[in-house]
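Number of protein chains: 8
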Amino acid sequence: MSIINTFENLDVAKIDTGRKDRTGFPEVVFCPQKEDEYLLKIYKKLYETQGHVFGTRANSHQAQIVKKDFPQAEYDEVSKVLQILPAKKTELIGNIAVCTAGTADIPVAEECVKTIEYFGSKAFRFYDVGVSGIHRLFSQMNEINKANVVVAIAGMEGALASVLGGLVKVPVIAVPTSVGYGASFGGLSALLTMVNSCANGISVVNIDNGYGAGYISTQINRLAEKKDMFCS
Amino acid sequence: MSIINTFENLDVAKIDTGRKDRTGFPEVVFCPQKEDEYLLKIYKKLYETQGHVFGTRANSHQAQIVKKDFPQAEYDEVSKVLQILPAKKTELIGNIAVCTAGTADIPVAEECVKTIEYFGSKAFRFYDVGVSGIHRLFSQMNEINKANVVVAIAGMEGALASVLGGLVKVPVIAVPTSVGYGASFGGLSALLTMVNSCANGISVVNIDNGYGAGYISTQINRLAEKKDMFCS
Amino acid sequence: MSIINTFENLDVAKIDTGRKDRTGFPEVVFCPQKEDEYLLKIYKKLYETQGHVFGTRANSHQAQIVKKDFPQAEYDEVSKVLQILPAKKTELIGNIAVCTAGTADIPVAEECVKTIEYFGSKAFRFYDVGVSGIHRLFSQMNEINKANVVVAIAGMEGALASVLGGLVKVPVIAVPTSVGYGASFGGLSALLTMVNSCANGISVVNIDNGYGAGYISTQINRLAEKKDMFCS
Amino acid sequence: MSIINTFENLDVAKIDTGRKDRTGFPEVVFCPQKEDEYLLKIYKKLYETQGHVFGTRANSHQAQIVKKDFPQAEYDEVSKVLQILPAKKTELIGNIAVCTAGTADIPVAEECVKTIEYFGSKAFRFYDVGVSGIHRLFSQMNEINKANVVVAIAGMEGALASVLGGLVKVPVIAVPTSVGYGASFGGLSALLTMVNSCANGISVVNIDNGYGAGYISTQINRLAEKKDMFCS
Amino acid sequence: MSIINTFENLDVAKIDTGRKDRTGFPEVVFCPQKEDEYLLKIYKKLYETQGHVFGTRANSHQAQIVKKDFPQAEYDEVSKVLQILPAKKTELIGNIAVCTAGTADIPVAEECVKTIEYFGSKAFRFYDVGVSGIHRLFSQMNEINKANVVVAIAGMEGALASVLGGLVKVPVIAVPTSVGYGASFGGLSALLTMVNSCANGISVVNIDNGYGAGYISTQINRLAEKKDMFCS
Amino acid sequence: MSIINTFENLDVAKIDTGRKDRTGFPEVVFCPQKEDEYLLKIYKKLYETQGHVFGTRANSHQAQIVKKDFPQAEYDEVSKVLQILPAKKTELIGNIAVCTAGTADIPVAEECVKTIEYFGSKAFRFYDVGVSGIHRLFSQMNEINKANVVVAIAGMEGALASVLGGLVKVPVIAVPTSVGYGASFGGLSALLTMVNSCANGISVVNIDNGYGAGYISTQINRLAEKKDMFCS
Amino acid sequence: MSIINTFENLDVAKIDTGRKDRTGFPEVVFCPQKEDEYLLKIYKKLYETQGHVFGTRANSHQAQIVKKDFPQAEYDEVSKVLQILPAKKTELIGNIAVCTAGTADIPVAEECVKTIEYFGSKAFRFYDVGVSGIHRLFSQMNEINKANVVVAIAGMEGALASVLGGLVKVPVIAVPTSVGYGASFGGLSALLTMVNSCANGISVVNIDNGYGAGYISTQINRLAEKKDMFCS
Amino acid sequence: MSIINTFENLDVAKIDTGRKDRTGFPEVVFCPQKEDEYLLKIYKKLYETQGHVFGTRANSHQAQIVKKDFPQAEYDEVSKVLQILPAKKTELIGNIAVCTAGTADIPVAEECVKTIEYFGSKAFRFYDVGVSGIHRLFSQMNEINKANVVVAIAGMEGALASVLGGLVKVPVIAVPTSVGYGASFGGLSALLTMVNSCANGISVVNIDNGYGAGYISTQINRLAEKKDMFCS
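Chains A, B, C, D, E, F, G and H supply the protein sequences, listed in that same order. Under this note's numbering, think of the first position of the first sequence as 1, with each following residue one higher. Under this note's numbering, think of the first position of the second sequence as 1001, with each following residue one higher. Under this note's numbering, think of the first position of the third sequence as 2001, with each following residue one higher. Under this note's numbering, think of the first position of the fourth sequence as 3001, with each following residue one higher. Under this note's numbering, think of the first position of the fifth sequence as 4001, with each following residue one higher. Under this note's numbering, think of the first position of the sixth sequence as 5001, with each following residue one higher. Under this note's numbering, think of the first position of the seventh sequence as 6001, with each following residue one higher. Under this note's numbering, think of the first position of the eighth sequence as 7001, with each following residue one higher.
Quick caveat, the hints were computed from the structure, so don't treat them as lab data. Among the clues, some could well be false.
As the list claims (entries may be wrong) - Some, not all, of what chain H presents toward chain E, calculated at C-beta under 7 Å:
(1) D7128
(2) G7133
(3) R7136
(4) G7182
What the hints assert, rightly or not - The calculated lysine to aspartate or glutamate pairs, modelled on EDC-like cross-linking and capped at a C-alpha distance of 16 Å, are:
(5) K7034/H <-> E3077/D
(6) K7169/H <-> E6225/G
(7) K5169/F <-> E4027/E
(8) K6226/G <-> E7225/H
(9) K5169/F <-> E4225/E
(10) K2034/C <-> E77/A
(11) K2226/C <-> E1225/B
(12) K226/A <-> E3225/D
(13) K3169/D <-> E225/A
(14) K7226/H <-> E6225/G
(15) K169/A <-> E3027/D
(16) K4226/E <-> E5225/F
The beta-carbon is built from N, C-alpha and C at its ideal position, and this holds for glycine as well.
Given only the sequences and the hints, what does the whole structure look like? Please build it.
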């Protein structure tokens, strides 16, 4: 294997500019705990290299800092995504169903949706369809069954993933959330539920990892749609 | 409060013969690790006092020991219940629905059913109705909805309890089982699922505790049927 | 089974307006992390549909927001319950004993009591009767024994549930609380105690889940009182 | 949604014969703890219905029992898969790379490979390519990069999944194994590693769940190959 | 401080023959996993040095090995204590109450009692007095209150220690046991209960550590009785 | 047993005024989360009944509230003890050695010392004698060996208790503290260390429970000094 | 062994002034939770004794306090190290490679580097070389392979240590960090990864313990360079 | 970096024959769960390549299998090491002190010693020097202080590492063992103790990992002795 030896030294950070060639996805920014000046430098470098930047878990202060230099940057209060979109909009492809058990899971779901769209796929929202009122889910199954891949986002006991797994033909990417209290132990309960699912076709990402679910569901959607050349 | 000071010293054990008056339920026997001679002594003492004995988690060797002195004793290989039934059969009352997610949960369910029947209530079995094929559950809901209380028994991720909780008007007693492997951690995953359920009307007993679920569901069934004088 | 397909789409949320018919209980509001405008919208929709609203774990700011539009709303600082009571008071039925081990468990107990009363049952308080001074509990047992169901609320080591389980004929719903420090691990210790209780007739809800205990104890109390038509 | 109400009552079990229509995959058998007679009954029923049967985690005794009635059954000592293949062989489609960190992970990998093949996809083996001698992995990357989906199987610290995630464009399904000792805690360490991976495009199934990884990777492979009609 | 530099090299082991002078207690033997020949060598060395030997958790095979050379050795099947008593019997001093919640806790209690007696104190047994039938405990409180120190031994939820702590003036040494199943997690539940006790005057030793409880309760009893010169 | 039925109803709280007769120790106040007015009411009631009050974990605001009504109240910033001492000073008895591993453990140690003194015993401080510089401990052993009981307070890995246990004749009460970071998990590491100690004569109280260690060490010291009538 | 009995009593603290002779390293200061006055006293005492002081995890307020009296003190915002360097600079010896997986691990790495330099060794930084873009690491391996010892610092899944372990001849000191979220559980995931590493030559220090890694890697570097007389 | 692309495909296994050049250590064999034929094939291949083989955790059956073909193979019952030594003995270098807390830790220690010797360094044994009788350790400190690196092996609470860390100038490699019972949780308690050590210069390997400790201590010893060309 020839390793693509492409990255840029940005002070201490090594911006992985070869990542898009290697993995089909550009480098993104995980904003928490990055200092203002340093964050801005990364946004600038990435914008310069690729013409668009996608950052997750930004706070509103960070959004202001970036917007000063990039007035076109968009910040979404719910998902905490801070992005500079490419000048030319790409047509989104395929169909990814993003489902949540409750309304409290929506911030994670929106991070997932924004990720999917940034990476060029189409996401459809099915929110608040948890198993405590399971008819709400059933009323949406015809639509959900049109997707190439389903994202199931749930906190507390996380049973949504298992129910979905038994009802669809396509892979289910399960996202446990930290929604809950007491013995939910910050999402551990939902994580264990999803990992132990009696239903087939389920695999799991980290607690609250809407970005990760968006990434892998995009990979699957691209495979299904035979378009693996994003933004190019 | 006047405490009913009635128990019998049986060597080191203190047989709680006043329990029936105090709690409405006779003393039962937890068989594991009890030595042959000692187990037999307890069965004799309880039979003498109350005319019937109920033991849980007996092994087949213990069954043989007891059957030598009590040929009428019945041992059930699945539930591991070893009982000497009362001479006169009582009519069973009410309606308790005992549901399992899979077939591997049946031993726990049968311990529950046997307990319910010994304590004088009627149990109906709904086995293998787990959420990975949820239509199996729905096909039984009309029957399940006739119960005064529902017992939901499930291992792995234990999602059955949450789904049932959203579909019935009566209390759901959830029993996590140790069925599963890997991250099920001997039933911990199912226990957390059930404790964190997003559905209402669910409370939880110990892992594999079919007896405990049978006991409390009998209490609830008696309350509903207004017959709290069992075997008297 | 025919699933009652009744809910209202409220932006992303799907208000489960069919829940009362399906489960015998109206939809309630879990207030934490709900944004002001959105919370108010839910209170309005539910008030419009059912003429009363019950919300748990509201903070005082949320109380003010709701009170601006609903001056008749009542907010209780201890239980954090924020409710709009129905115009016509229903007569409360039955008897539920709500017991706490210490005074620090009272907020959870008050959430439980308020839930019981909102759902139409009668609650009696037995607070600060923990096992470190067990005579306090015994002095109340005559009264506690009049209940159809007992709620045992305790943090730290949570031994109250086991002691109560050995003294009453009716089901005990155990609520572990996060009261304690060090190795109480946010209520885990009390949860394990209650799940492992050597006494019979105990089942357990989530840590600090006063609402959940109120719900299931109401179900049991209704069964005992043969009045399952609340507010209708 | 119309739920396909098709299952057969086999004593207590409810064989989900409608599963293939609903999910695209036939019912399979999880053999552990199933009694001889009962196991045979399930194999017969499934063979009758679908003309082939796939069972996981069978022991050699169970293999003998089934082979008496089905001499054509094949039992694999390594993967513990016990199957009756369809009379007519289907051509396998696509490309799934199944990688293991060490040789001790091979039983899990073989369960995965057998599952993939039974469900009609092509699997390629890349065994013993763990990160402690990372050049072994690199020497295989050209081949691995031809796959539609990669399965990464590893115990101990489970770092293989992260390294693969950074080197491929397609989804990585990570399988933690219970290989290891001491602080591997039966696979918990590898599970946490994989869930927390710093690389993108990774999602995780249960510890030792080769079958589950085979199932979801087949789903993804089918999507990529546009052939979702297996065995029909 | 002058450290007493007295021990004997016995192959690899360093027999702490100075321990009695330093701590007031002779060296004892923890038998598990010690090979026959090596175990015998230790018994011989200690017998030679001190004229008596006390071993815990011996199995019956080990008992036979030792009895061949020391026919006067006594082996107790319940406590698994294997001891060679001193030729001259010492009069036992003081009063230690050893209480168990159930009969399954008795092996741990007997290890404790045997330890107490070997170290020269008097133990009184109060077995099967757990909180599920709390009147059994109350009937013994007059006797228990005569002790200088109380040992509370309980598995499952371990509530006995808390109740005792609220009823006595003297220290309670709590011993969690591994009795139980499911969420008792091998004694962890009882350990957490006891460490978190709301009652005062309780401290805790390791799970199933009857020997350790016997040791520290002997220390306390000696302090109370002003006789710290054992066997001399 | 006759249970001393003496307590006072203070709104919801039941002040256990009979506790001193029953256990030899007066009721004390655990201040956290008690509201101002309610805290003051308790201090007043206890002062009225017993002429002195001892409260733990008070914050400085609570100290001010109490001092307004009781100018003689003393608040110690380090231990967070807020007490109203009895008018007449009692002579302290016996000898309790309170040892800490580091200086960060001192707040817990001071809570312990203040408790010991309030309950009438003499405490001697041996601070910062942890095992990383073990000569500091040895230089104090002559003094420590004069005590009737030793309290060993340590966070991080908590090894101090084991070392002390091997060097003294009297009981060691071990207090794990939450001092540390990372894998100390809030004191869990030190708790496990102390519970698993290879040294004898050690028993353990809850993490950071200086009060509990002071209480039980006072009980032991009283037994040794034959003066169990405190303040009477 | 003759224990070097040298320490200074500083109020409660016992400054271990003999440590340098005993262990080859001077005493350092762990700043968190130390009160201003007390911290200053320690800095003064140590400066007086050894002419330089090294403190870790200082906050900026503490830096100001110390700088008032010691204007030459240096405070580093990233590593939180607050030091007074010796008047005469020592030449640094050897070669220690300090590697991080990401940029968020840099504060821990800088604490490590500062520690190494204070103790007289030479550190080289290799930051942001984590396994998700493994070519970044490979591009540095020629340089890393010049070190006597390698420090591998990583959060999330911590796979960097395993990869490094397979590529170098010298010991790898692994430092898990609390970088991550969800199932990283504050560094537990990375800790388990590193402890379970399939690669050889890896040992692990506490989560975020840059100081500890600096200390032990200095010991190893000194051994390699045959210069164990630091600052003397 | 140029990766040394040298390994041999042995069926599924990839024997890392380039490892010695890359890391300075030959490949070794982890025997558990390897089937007879396969194990023998590996021993043959390695013997052929390097003239000597070292296997850990072999059982006696595996020893017999290997001895049939290699009568010169040596099997040690205590350490479970099964090795074929090189024809020409190498002179061992340096000094590594291997210490255990108790005698039950010796199997782990012997695996460590055998590893050290196979890799060409000199090990000295200091067994049964645990902290419960700390004078045994002190009597050995003069000898221990001659080592280039110290291995501290302990189960139960694992305090030995901390005490050693405060007494030596060289690195301490700590090995937690699974020796203990109850709350030792299979070595978790000792692992946490060692990771959280208050002493400096300690790093930790996996539970029971005598081989790993032998490996890294050899690396350190070689650095100190400047002889990194083993067996060449």
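Could you work out which of the previously given hints the structure breaks and list their numbers from low to high? none
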